[in-house]
Amino acid sequence: MNSSRITQTLETINIRPDEIHEEQLSEAFRILLQLIEDLSENNEKLKAENQKLRDEISLMKGEQPKPDIKPSGKKPNVDISSEEERKPKNTPKNKKPKTKKKRIPSKLEGK
Numbered sequence: 048m049n050s051s052r053i054t055q056t057l058e059t060i061n062i063r064p065d066e067i068h069e070e071q072l073s074e075a076f077r078i079l080l081q082l083i084e085d086l087s088e089n090n091e092k093l094k095a096e097n098q099k100l101r102d103e104i105s106l107m108k109g110e111q112p113k114p115d116i117k118p119s120g121k122k123p124n125v126d127i128s129s130e131e132e133r134k135p136k137n138t139p140k141n142k143k144p145k146t147k148k149k150r151i152p153s154k155l156e157g158k
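Numbering of the sequence shown is given in this note's numbering, commencing with residue 48 and proceeding in unit increments.
The hints are simulated quantities; they were obtained by calculation from the structure and are not laboratory data.
All of these numbers come straight from a predicted model, not from anything done at the bench.
Using N, Cα and C, we set each Cβ at its ideal position, and we do this for glycine too.
Honestly, I wouldn't trust all of these hints.
Listed next, with one range per pair, are the computed distances between beta-carbon atoms [stated by the list, open to error]:
#, residue 1, residue 2, range
1, I116, E74, 41 to 47 angstroms
2, E91, H68, 33 to 39 angstroms
3, I62, K108, 43 to 49 angstroms
4, E110, K143, 45 to 51 angstroms
5, D65, K108, 51 to 57 angstroms
6, A95, Q55, 19 to 25 angstroms
7, Q111, Q55, 32 to 38 angstroms
8, K148, S105, 51 to 57 angstroms
9, K143, G109, 42 to 48 angstroms
10, L106, E70, 52 to 58 angstroms
11, G109, T56, 41 to 47 angstroms
12, E110, D65, 49 to 55 angstroms
13, R77, S105, 40 to 46 angstroms
14, D85, K117, 25 to 31 angstroms
No more than 20 angstroms apart at the CA atoms, straight line, and that leaves these computed lysine-lysine pairs for PhoX-like [claimed, not checked]:
#, residue 1, residue 2
15, K113, K92
16, K94, K117
17, K113, K99
18, K117, K92
19, K117, K99
20, K94, K113
Could you build all of it, start to finish, from the sequences and the hints given here?
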């Protein structure tokens, strides 16, 4: 669960420690909410560290690490044509094969 989802869930249950009249319950909710924030932050740090270690292991194995994809401010490449890839190579069209084909005489040729 990411931090925005946690915040959304907490807003859904609509608990406000300041509005609770019992001081003990109010303090308990404050502590629990602080604990949730701390654990969520710690979880995000551990996820980042885990991915970093996975990338390091991949590099040691000779594999590619997970790409770090960030949105760029550049304009996307408009020319995505694959025309160059589709162009035929400059090969002669009337080129004969190197192996000789054996000619099989037909029955009509012999007569």
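Hints versus structure:
The hinted range of 41 to 47 angstroms is satisfied by I116 and E74, whose Cβ atoms lie roughly 44 angstroms apart. The given range of 33 to 39 angstroms is respected by E91 and H68, whose C-beta atoms sit roughly 35 angstroms from each other. Checked against the hint of 43 to 49 angstroms, the C-beta distance between I62 and K108 comes to roughly 47 angstroms, which is consistent with it. Distance hint check for E110 and K143: the Cβ-Cβ separation is about 46 angstroms, which falls inside the suggested range of 45 to 51 angstroms.
Distance hint check for D65 and K108: the Cβ-Cβ separation is about 53 angstroms, which falls inside the suggested range of 51 to 57 angstroms. Restraint check, A95 to Q55: a C-beta distance of roughly 22 angstroms satisfies the suggested window 19 to 25 angstroms. Look at Q111 against Q55: about 35 angstroms separates their beta carbons, and that is inside 32 to 38 angstroms. At about 52 angstroms, the CB distance of K148 to S105 agrees with the hint of 51 to 57 angstroms.
One distance hint, 42 to 48 angstroms for the beta-carbon pair K143 and G109, holds here, with the actual separation near 45 angstroms. Take L106 and E70: their Cβ atoms lie about 54 angstroms apart, and the range 52 to 58 angstroms holds. Roughly 42 angstroms separates the CB atoms of G109 and T56, a value that falls within the hinted 41 to 47 angstroms. The hint said 49 to 55 angstroms for the Cβ distance between E110 and D65, and at roughly 52 angstroms that hint holds.
About 43 angstroms separates the C-beta atoms of R77 and S105, a value consistent with the hinted range of 40 to 46 angstroms. Range check, D85 to K117: about 28 angstroms between beta-carbon atoms, so the 25 to 31 angstroms window is met. Between the alpha carbons of K113 and K92 the distance comes to roughly 17 angstroms, so the proposed pair stays at or under 20 angstroms and holds. With a C-alpha separation of about 17 angstroms, the suggested pairing of K94 with K117 holds against the 20 angstroms cut-off.
Under the criterion of a C-alpha separation no larger than 20 angstroms, the hint pairing K113 with K99 is consistent with the structure, at around 9 angstroms. Taken as a hint, the K117 and K92 pair is honoured in the structure, with Cα atoms around 18 angstroms apart against an allowance of 20 angstroms. Between K117 and K99 the alpha-carbon distance is near 16 angstroms, which keeps this suggested pair within the 20 angstroms criterion. Of the supplied pair hints, the one linking K94 and K113 holds, its CA atoms being roughly 14 angstroms apart against a limit of 20 angstroms.
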